[in-house]
Amino acid sequence: MRWIWIDRFTAFESGHRAVAVKNVSFTEEQFDDYTPGYPLMPSTLILEGLAQAGGLLVGEHYDFKERVVLAKVGKAIFHELATPGDTLTYTVVIEDIKPDGAIVRGTSLLEGRLQAEVDIVFAHLDDERFQGVDLFIPEEFSQMLRMYRLYDVAKDSDGNAVEVPEHLRAAEREVYGV
Amino acid sequence: MAPNKDEVFAKVQEALVDALGLDDDEVTANATMVGDLGAESIDFLDIVFRLEKAFAIEIPRSELFPEDILTSADYVQDGKVTEAGIAELKARMSFADLSKFEQNPVVQEFGNLLTVGDLCRYVETKVGTTD
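Here the protein sequences line up with chains A and B, keeping their order. Quick note, in the working numbering, the first sequence goes up one by one and the last residue is 178. Quick note, in the working numbering, the second sequence goes up one by one and the last residue is 131.
FYI, nobody ran anything at the bench for these hints, they're computed from the structure. Every value quoted in this text rests on a predicted model; they were computed, and no experiment measured them. A virtual CB, placed ideally from N, CA and C, is assigned to each residue, including glycine. Mixed in with the good hints, there may be bad ones.
Not the full set, but computed from the structure, chain B residues with beta-carbon under 10 Å of chain A [stated by the list, open to error]:
id, residue
1, Asp18
2, Gly38
3, Ile42
4, Asp43
5, Leu45
6, Val48
7, Phe49
8, Glu52
9, Arg61
Turn these sequences into a full structure, and let the hints guide you.
Structure below.
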């Protein structure tokens, strides 16, 4: 199973805000063992989806050249349960961003109702201690961004389309030849 | 107008309560950030974000956390900060009381030094508090 907890981006304003959807499906493995007989989407996986959306928003701000990791969850409030068949709309907003990391505020909406709200601190792993450490294989990461349809919707602050960074394009060209 | 000392303390206290999940009365001026309040390294990033927002200031990492001094061969010998290093720390961190650390300047102990009061004094220097 892929560790992917958003289905696609529907909006992406570089350095500011992103919206992603997550369709909760009964075929997902978490329903096998989590609260048997009463299928619930684990709140931790909703948090993970919000963190994935937020982490990509933070990473894109630096052209995906920083190693962005979830450092701390300052707040996580779940107002409502999510179950198979639900579509969750995740919105993540950068509250603050600097070379050390970022603070992101996230919400999950279910049919327009506030389902969850979180505050997440992301850190950038520094070069001094993590030189040579890559969190992702570049070409696979780039493909993942395309599957999320990030570049279909991503805009910069002037409303111009955001392009795939050249270092990711180069990795794709080298491995996939495209 | 710059906030006075009480106002600075109130905002610092609020930032620490929120960042570390504490009660107001736990955040006293003499409490050490790491030893008494349980702050971990990642919490400092959160705290810095909150203080920058609360006071509309920029906090360069090296001002609060002088890692460059503490990892410099010029200022550290056998795991202890040298006299020159102490002088450098004092110059950089005039808001902190280093007298205790000076008695046994083991680098590893430095993280335990910073108190809530130090943090307030640091903010006061940034925002220009005079009373």
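Quick rundown of the hints versus the structure:
1. Taken as an interface hint, B/Asp18 checks out: its beta carbon lies about 7 Å from the nearest beta carbon of chain A, inside 10 Å.
2. Interface restraint check: B/Gly38 against chain A, minimum CB-CB distance 13 Å, threshold 10 Å, status violated.
3. At its closest, the beta carbon of B/Ile42 sits 5 Å from a beta carbon of chain A; the interface hint therefore holds under the 10 Å criterion.
4. The closest approach between the C-beta of B/Asp43 and any C-beta of chain A is roughly 7 Å, which is under the 10 Å cut-off, so the hint is satisfied.
5. The restraint placing B/Leu45 at the interface with chain A holds, with a minimum CB-CB distance near 5 Å, inside the 10 Å limit.
6. A distance limit of 10 Å between C-beta atoms decides the matter here; for B/Val48 the minimum to chain A is near 8 Å, and the interface restraint holds.
7. The interface hint given for B/Phe49 holds, since its Cβ lies 5 Å from the closest Cβ of chain A, which is under the 10 Å cut-off.
8. Against a cut-off of 10 Å between C-beta atoms, the interface hint on B/Glu52 holds, since the closest Cβ of chain A lies about 7 Å away.
9. Checking B/Arg61 against chain A: minimum C-beta separation of about 6 Å stays under 10 Å; hint holds.
In summary, the structure is inconsistent with hint 2 from the numbered list given earlier, while agreeing with all the others.
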